[in-house]
Amino acid sequence: MAEGINSPAPPPPPEGEKKPAAEDRVAASTAPAKPAAPAKPEGPVPVPWTSPLVEKYRSRYGSGLNAQTYLGQDYLTVDRSLIPDILRLLRDEEQFDYCVDITAVHYPKREKQFDVLWNLYSYPRNERMRVKTQIADGASIPSSVSIWPTANWLEREVYDMFGIQFDGHPDLKRILLPDGWKGHPLRKDYGILQQDQEWVQINLGIESGQ
Amino acid sequence: MNAPANDRTDDHISDSANDVAHRAPSNLDLDAPATPYLDSNELIINMGPQHPATHGVLRVILKLDGEKVLGTECVIGYLHRGVEKIGENRTYTMFNPYVDRMDYVAAVSNGLGYCEAVEKLMNVEAPARAKYIRVIMTELNRIASHQLWLGTHALDIGAMTPLFYTFRDREEILKIFEKYCGARLTTHAFRIGGCQYETYAGFEKEVKNFLTYVAPKIDEYEELLTTNRIWLERTKNVGVISGADCIALGVTGPVLRASGVQWDLRKAQPYAAYSEFDFEIPVGTNGDTYDRYLVRMAEMRQSLRIIEQAVNGIPEGPIMAKVPKVIKPPVGEIYHSIEAPKGELGYFIVSDGTTQPYRLRVRPPSFVNLQALDRMVRGLLVADVIAVIGTIDIVLGEVDR
Chain A
1 MAEGINSPAP
11 PPPPEGEKKP
21 AAEDRVAAST
31 APAKPAAPAK
41 PEGPVPVPWT
51 SPLVEKYRSR
61 YGSGLNAQTY
71 LGQDYLTVDR
81 SLIPDILRLL
91 RDEEQFDYCV
101 DITAVHYPKR
111 EKQFDVLWNL
121 YSYPRNERMR
131 VKTQIADGAS
141 IPSSVSIWPT
151 ANWLEREVYD
161 MFGIQFDGHP
171 DLKRILLPDG
181 WKGHPLRKDY
191 GILQQDQEWV
201 QINLGIESGQ
Chain B
1001 MNAPANDRTD
1011 DHISDSANDV
1021 AHRAPSNLDL
1031 DAPATPYLDS
1041 NELIINMGPQ
1051 HPATHGVLRV
1061 ILKLDGEKVL
1071 GTECVIGYLH
1081 RGVEKIGENR
1091 TYTMFNPYVD
1101 RMDYVAAVSN
1111 GLGYCEAVEK
1121 LMNVEAPARA
1131 KYIRVIMTEL
1141 NRIASHQLWL
1151 GTHALDIGAM
1161 TPLFYTFRDR
1171 EEILKIFEKY
1181 CGARLTTHAF
1191 RIGGCQYETY
1201 AGFEKEVKNF
1211 LTYVAPKIDE
1221 YEELLTTNRI
1231 WLERTKNVGV
1241 ISGADCIALG
1251 VTGPVLRASG
1261 VQWDLRKAQP
1271 YAAYSEFDFE
1281 IPVGTNGDTY
1291 DRYLVRMAEM
1301 RQSLRIIEQA
1311 VNGIPEGPIM
1321 AKVPKVIKPP
1331 VGEIYHSIEA
1341 PKGELGYFIV
1351 SDGTTQPYRL
1361 RVRPPSFVNL
1371 QALDRMVRGL
1381 LVADVIAVIG
1391 TIDIVLGEVD
1401 R
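Here the protein sequences line up with chains A and B, keeping their order. Under the working numbering, the first residue of the first sequence is numbered 1, with each subsequent residue one higher. Under the working numbering, the first residue of the second sequence is numbered 1001, with each subsequent residue one higher.
Okay, chain B solo, but in the shape it has when bound (with noise of 0.2 Å):
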């Protein structure tokens, strides 16, 4: 190992870093280090790519004094499809399903924030009817999201249980999507202006039961957490970050939000019928693992108001807009996002006036969101990457493409 003996206060890891993460093997002189090994007080370890704890294909190169982690290096892309590039070879209506693959246990958000940026682009607007449907759907992915992420998170940090809860109430929300559209995670939920399914017979009173059945699952969820003192031990004080940074950062989401931050996309600048809804934007004051934990547990109970308001209120109607049978949006440009249940997920097209688009961008929330790791485990244990991967919500679906 090259890294200089006594670098201990260096606050760069890429240099010595990089030469562990793509040296070949073959180059690695073990017979005569250049600095005997015990000799130096870091060590630089590798986590992931297959490991249980980065979910999915995330590897993190620590850089160690002892426990202590002095910096990290993420090395990402082992899931690249190249989402990017698939979008500029195929036409925007077949290009709708591909973007369920990014955040994967998101899927809806992903459609409805690609489905409004090309009827933006267009020019059209979705009836009342299916804005509703939108809704609806994509705060039930939400929750979906969250319970996901609570049950590995928790997992992570050695609370069984959590897993099984919200698996099992996760189920509800799957099943409602199957009957609705055949698919349970990657749904294709929704068509460019519109939704191609109305609902299906008994949609408004299976997810009002639905409504009444998590809401005490959700305090459920919280009785086995929120003061537990062996969470709160994990998760107070855990990976802070501060407003500021998270803005300088790019950060959005969930982690922003518990830095203090009260900014929410569908306050902000609402999109779909969010503007016709009252709900709230819970925010965190410490911006540690234990706010965005209660942050995420509040949003879960906001998106249940907010169903409620939409499956009570939602409209009789059309539910898709007048679109040609072949989309092709006029030449021009256009940025559009949400509030995805990581964070802001953003769609730049290109159009250059054919079916195809000429450049399609996605700013993905993970990808950004992910990069504040180092800036938030700096100082912490090794254990404590664990907690902060598993805090910042990352899929890495939608951090490769």
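The following block holds chain A by itself, in its conformation from the complex (with noise of 0.2 Å):
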């Protein structure tokens, strides 16, 4: 069961068109032109997202941004390079005071693997936006503790289930798993059932403990 559903193939990068539908997949790569399953409705796709907002970004850094709104929600695509820049100006100029939550995403056939995520909210407007950017396996993000403190422990659970580093956390460490473990758990080639089998041999005195 573990090794099908471990690694499902990944969707295609927010930029990209969306698909129809998944069995339509395997198809639409070998036959492109073939059109999909007859008589099932289109799902929603990502418009473009135009505001204030966008246009003052995208004058100032220009290509490297890419604004969508997918079932009215809006999100920023952005460069690795401009983060740092993106999300100080967005707290002190677009008040988005409270960063809810930072993840990532793990899609291992892609060649920059992980999508990093920022989910922030702005009290005074009322309003949500998710920053995405892209980073490769092994690269490191530039932390966002000194933006809104409470990235750290965020960030701390980011590193910790995918392994991607922060530049400037103040203690980059892991949070819910022990210091020792091997691994990070999130990534798609860590399967569910995997185990720590030397630990158990050496500190529980059996085989394997499954």
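Treat the hints with care, since some could be wrong.
Stated by the list, open to error - Below, computed lysine to any residue pairings styled on SDA-like, alpha-carbon distance capped at 20 Å: (1) B/1068 to B/1383; (2) A/188 to B/1083; (3) B/1120 to A/68.
Think of the hints as simulated: they come from the structure by calculation, not from any bench.
Grab the two chains, each in its own frame, and use the hints to assemble them into the complex.
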């Protein structure tokens, strides 16, 4: 069960065109001209997000930034190099004073394997948005603890689960898993039944815990 | 102990606490300490993980000067079960009961957030009757959660009676849950698209009876505590945090409101049927433990108001939207959050068009709120740490997931 589930084909990157349904993915790759299954209504697709905020940053940063809306939720896809600037400006200029969540998504088949996401909310504007960037495995990303202190534990969790390094984090270490843990469990190549047999044998004195 | 002796002005605990926290016992050089123990005014002690006042398995490393707290560090993860990983390996439907096991004293809220997030992703909406049932159940659960919080928090501080009172009355809520869906704690009350169960015969009457029963009981809790001198001494000006600090630290829920920020997702970004009800957002002024107590007491009363309106106005109709038997949301991603009893509970789901989430992230309020502990207890006494852990209202099942 686990093998099949553990490595599903990753969804296309957000810039790409959305495919109408999953079962068409295989067909689409072999015969792209073939139309989708008949009578199946198309799912919602991301549409460009236009707002003064986007215009302002697009004029400042140009093509390094892509703004979309999906199901009424806005997100910016940003070049990694722009991340520290954009995040700080979003807080200082656009009043996104509450960093709801920081998380990541792993796409093992992509060259830049990780999406890192900042989920932001503005109390004065009562608006939400997300900022996304893509980074390669082993690459680091600037910490946003100095922008939102709440990022401290959230970044530690991302590090713990994905192994993504945050530069400038005051105390980047595992948070939910023990210090000696091997691997980063929310990566797609980490099986759900995987166990540290060596640890079990040494510490529990049994051959296997499974 | 290798902590520098005259480090009292150092504001950062992490280094020296780390040493103690992660050093294997065999490395402790008991014969020849680098710094004589008695020369140091600092003491590093462990609270928990097995401690009756840490509400589960929370370990707090305290750096003390006498009885004054210089800093803290939380060690968490003892209850980590990999909920997010499980989510990626189960279908959307199969994962639904798992969310109950995060904040297990407010399982209904967890389920509501999850079901609504998947519904949003699938672009379906639950029928009006289902929304009303959801509101009634969720608000009952909010009262139950606050009751459990009050009982245990008061017990930590030394008042034993409220525990018996609140557990006695919480039982009435759990009975309604049990009759509705067969379970008391991990209820699995809702399904993607609505509710599986129609209300049982006499549901409305029992809920109304509960409302008339519990309203004077809440006064009774307040009678025990609100003007109790010991309670006031233990909670007033203890664990003060400002609204700005709360926002910077991402703190939500009653803790945020007690610091004077009038923000509640039920009003700010209404979900389910909350926009149809008339209720207020209680706020505090000082942001101390006492205000957080008052806010939660007021919230229970507001929940009663919401339930009363919902029971009286519950519409007839279907309780399940038209959803396919196999839940298969289109490719895309969604974030949806609700006001859980502890704060903003969010789900971020990435779908790749299959029956299983590609990524399922839970934004847990307890985890984020617990981060404010350090800010709240610096300069207080050890006994106050107990009060502050209680007042943040964490559930370790949700902190660790």
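Would you mind confirming whether the straight-line C-alpha gap from residue 1068 of chain B to residue 1383 of chain B stays at or under 20 Å? Distance ~10 Å between residue 1068 of chain B and residue 1383 of chain B Cα, so the pair holds.
Is residue 1120 of chain B close enough to residue 68 of chain A, meaning Cα to Cα at most 20 Å? holds, 17 Å
Holds or violated: are the alpha carbons of residue 188 of chain A and residue 1083 of chain B at most 20 Å from each other? Holds - the C-alpha atoms of residue 1083 of chain B and residue 188 of chain A are around 15 Å apart, at most 20 Å.
Comparing the model with each numbered hint stated earlier shows that all of them hold.
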